[in-house]
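Asks: One letter stands for each residue in the lines below.
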Amino acid sequence: MKKVLSRAAGLLLCMSLLCGLIYTLAVTGIGQLFFPHQAGGSIIEIDGKTYGSELLGQQFSDDGHLWGRVMHVDVSTFTDENGQPVLYAWASNLSPASDEYEQLIAQRVEKLRAADPQADPDNIPVDLVTCSGSGLDPEISPKAAAYQVPRIAAARGVSESEVQAVIDRYTTGRFLGVFGEERVNVLKVNLALDGILTES
Amino acid sequence: MHATLQYVLYIAVLLALAIPLGIYISKAMGGEKTVLTRLLAPCERGLYRLLHIDSQEDMNWKRYAGCALAFSAISLAVLTLILKFQNILPWNPQNVDGMSWHLAFNTAVSFITNTNWQAYSGEVALSSFSQALGLTVQNFVSAGVGIAVLFAIIRGFVRTKAKGIGNFWADLVRSVVYVLLPLCFVMSIALVALGVPQSLGESKTVDLLEPIAVSQQGEVIEGAKIDLDAGTVTLDGQPVDGAKIVTKQAVPLFPQASQVAPKQVGTNGGGVLGNNSAHPFENPNPATNLIEMISLLLIPAALCISFGRSVKNKKQGVAILVAMTLVLIAALSVVAINEHQATPQLAQNGAVQITAEQGYAGGNMEGKETRFGIATSSTWAAFTTAASNGSVNSMHDSYTPLGGMVPMLLMQLGEVIFGGVGCGLYGMLGFVLLTVFIAGLMVGRTPEYLGKKIGPKEMRMAVLVCLATPIAILVGSGIAAMLPSTAASLNNAGAHGFSEMLYAYSSCGGNNGSAFAGFNANTPFLNVSLGLVMLFARFVPMVATLLIAGSMAAKKRVAASAGTLSTSNAMFVFLLILIVLIVGALSFFPALALGPIAEFTQMLGLG
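Protein sequence lines, in the order shown, are assigned to chains A and B. Sequence positions in the first sequence follow my numbering and run 62 to 261. Sequence positions in the second sequence follow my numbering and run 158 to 764.
Hints in this document: simulated from the structure, not taken from any laboratory. We put the beta carbon where it would ideally sit given N, CA and C, even for glycine. Among the hints, erroneous ones may be present.
What the hints assert, rightly or not - Chain A side only, calculated, beta carbon under 7 Å to chain B, not exhaustive:
id	residue
1	Phe139
2	Gln179
3	Leu258
Said to hold, decoys possible - Derived pair list, reagent style DSBU-like, types lysine-lysine, alpha-carbon separation capped at 35 Å:
id	chain 1	residue 1	chain 2	residue 2
4	A	Lys110	B	Lys190
5	A	Lys64	B	Lys318
6	A	Lys110	B	Lys184
7	B	Lys712	A	Lys64
8	A	Lys64	B	Lys190
9	A	Lys64	B	Lys382
10	B	Lys401	A	Lys172
11	A	Lys64	B	Lys472
12	B	Lys614	A	Lys63
13	A	Lys63	B	Lys712
14	A	Lys64	B	Lys401
15	B	Lys184	A	Lys63
16	A	Lys63	B	Lys361
17	B	Lys469	B	Lys241
18	A	Lys110	B	Lys614
19	A	Lys110	B	Lys469
20	B	Lys361	A	Lys172
21	A	Lys63	B	Lys382
22	B	Lys361	A	Lys64
23	A	Lys63	B	Lys401
24	B	Lys219	A	Lys63
25	B	Lys471	A	Lys172
26	A	Lys172	B	Lys382
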């Protein structure tokens, strides 16, 4: 019995070193060496200033910006080094079949109709009125982006085709043409609209 | 049309990869030469020498079970201590506190039982030390224990008049060194290349493009005007008291890719981050999703092929694989149809476009990510609850009533439709024995499987394997439902709230680990009771399986005759599915009627 327990403990220790430490450090080393951008969180940094991560959604409400998914915002969990609140988000975990949910969506529909008077009020893209699985979805469907083009163009005083061209530049197709869905990176479009991000 | 193509391809890719891997695992676990033997055999032998393990020692079932339990017990103790004292252990750049004793117990149980139920969110509750040396280690070895026990029962079927069923230490070492570690290593590097972060854990903050204003209560103030230089927030020209301006965003960095790989491959499911593989850091695009999603069912599917090869009757493995795949397809279809249709509450009389069109997924997008849409999210939901994985790429709590019922039902079936690595298949073998027994009764013959007669002792154990999950779930959720305090943990009201609680116990009783994540499970009662449910559902079937293995090994083989029931034809596959569904449906229909089915009728305005 004692022998079994000591062997179990010994094996656990060896496995901890092998699968916990050596494996983790090897993957970290290779990752940081060959893929430093991805390994570091895909942060967009231009001229020494960070503009978020291309993988993490931000909240936009300016008329001249593309809006993303509804965010279930949390500013109480994380703080920066000065103790100031920092943005994070979670899923809503709401049931989409309740009366409360129906009212919540109705409010969001009204808000969008008011913000985008030129868009089709009876074909609102579903991704604009729902919260994502992470709360931090950085993308929306091409249809949801096109829906907002008239508003963005009017706010910026540019043509709709110019705005659409920027959106098209940051639209990604399905993987191998099959897997997943087409989508538009909201932060990149906004950085490009603001003239901060210039390369494609 | 496009969605259908995705569903078909996901399953096709899975099966195509499962076959070669299954053959490889069978060879590796049987000690035969494989492509990786030359590379990895020194590592295997080194471990034996270091720990004075005689890999040739043949253990009887009691000793084998004793070793498996001892290893799990030590793991439980060590992991509980790591989590409780992570604040004083090194490598804690996140500066997190130690967990409460009940959360540490729950989390440790969860990871040693291959469940990975999480009553916490990783980005705020765990240090890098706990992630790497606590959880990642168990992601490997708990899966390894499952594979070991599966091969013990395989030996039970293959051997005749034998006392031993193999060596637990050698089985565990082989499963980790030859199967899990190489797969995870390659996969984690691929994930980093495709965008998953991998760092030692120095989390960052980055600047927001648009600052946002939040009230004192932490809620976003819509339509607020922000003056960054003065630091003031005004709403309709009036200054807002106590409002704060948020200009930065948190970027949680962990040794992430290295944990995502084993969480998927080993049917563990416990994410580094609270929102699991829905989080763009854990699963940034459809390419990483393909890798993660296929790998979550890969080993359980491959083990069916390994089983057939190792019992020297390939058709037996194929029959089980076919039965599992058929149930998976049926389950996936129900989820998919419901999620594509969404709910009237979301559709708003047509104001919100639900119908898919070219370049637009539509459907119930609450809790789902744009890059995954409906098809990829639904497939993952079915895969992860068929396998006892429990990772998610969309929030099951926000599924439609029937779309969310199917993942729950798949767990309640006892995690035998693929199920966990190793344990899914040995659980299914319990159902196979039950099917053989019932079919044998119908034709009046002694039940036998793979040339071994099945006696009363084996039957009792097989029934225990089949019923352990329903007992654990129903007793656990029954007690929880009677306690008033449980109501405080619910995120949604009414029938959906009941579903959240039922889902929690189903997830733990099935050793799955996924959640209707609005449910706040971090209370002393829930942590302890769910922990006990996980222990029961993991170790009762495991010991029962090993007992069957020992008793089968001691038997002699009987020759097949004209009257022997075939266990590899279409009839048997049909019977097996029927038995699995009957046991599951009879056990859970009343509970499901109170939760998702009630919510479904309310959704349609009938209730």
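Asks: Please go over all the hints and tell whether each is borne out by the structure.
Replies: Evaluated hints:
no. : hint                : verdict
1   : Phe139              : holds (4 Å)
2   : Gln179              : violated (16 Å)
3   : Leu258              : violated (10 Å)
4   : A/Lys110 / B/Lys190 : violated (54 Å)
5   : A/Lys64 / B/Lys318  : holds (28 Å)
6   : A/Lys110 / B/Lys184 : violated (54 Å)
7   : B/Lys712 / A/Lys64  : holds (30 Å)
8   : A/Lys64 / B/Lys190  : holds (31 Å)
9   : A/Lys64 / B/Lys382  : violated (70 Å)
10  : B/Lys401 / A/Lys172 : holds (24 Å)
11  : A/Lys64 / B/Lys472  : violated (41 Å)
12  : B/Lys614 / A/Lys63  : holds (30 Å)
13  : A/Lys63 / B/Lys712  : holds (32 Å)
14  : A/Lys64 / B/Lys401  : violated (61 Å)
15  : B/Lys184 / A/Lys63  : holds (33 Å)
16  : A/Lys63 / B/Lys361  : violated (47 Å)
17  : B/Lys469 / B/Lys241 : violated (47 Å)
18  : A/Lys110 / B/Lys614 : violated (70 Å)
19  : A/Lys110 / B/Lys469 : violated (63 Å)
20  : B/Lys361 / A/Lys172 : holds (33 Å)
21  : A/Lys63 / B/Lys382  : violated (69 Å)
22  : B/Lys361 / A/Lys64  : violated (46 Å)
23  : A/Lys63 / B/Lys401  : violated (60 Å)
24  : B/Lys219 / A/Lys63  : holds (16 Å)
25  : B/Lys471 / A/Lys172 : violated (61 Å)
26  : A/Lys172 / B/Lys382 : holds (18 Å)
Going through the hint list in order, the structure does not satisfy hints 2, 3, 4, 6, 9, 11, 14, 16, 17, 18, 19, 21, 22, 23 and 25.
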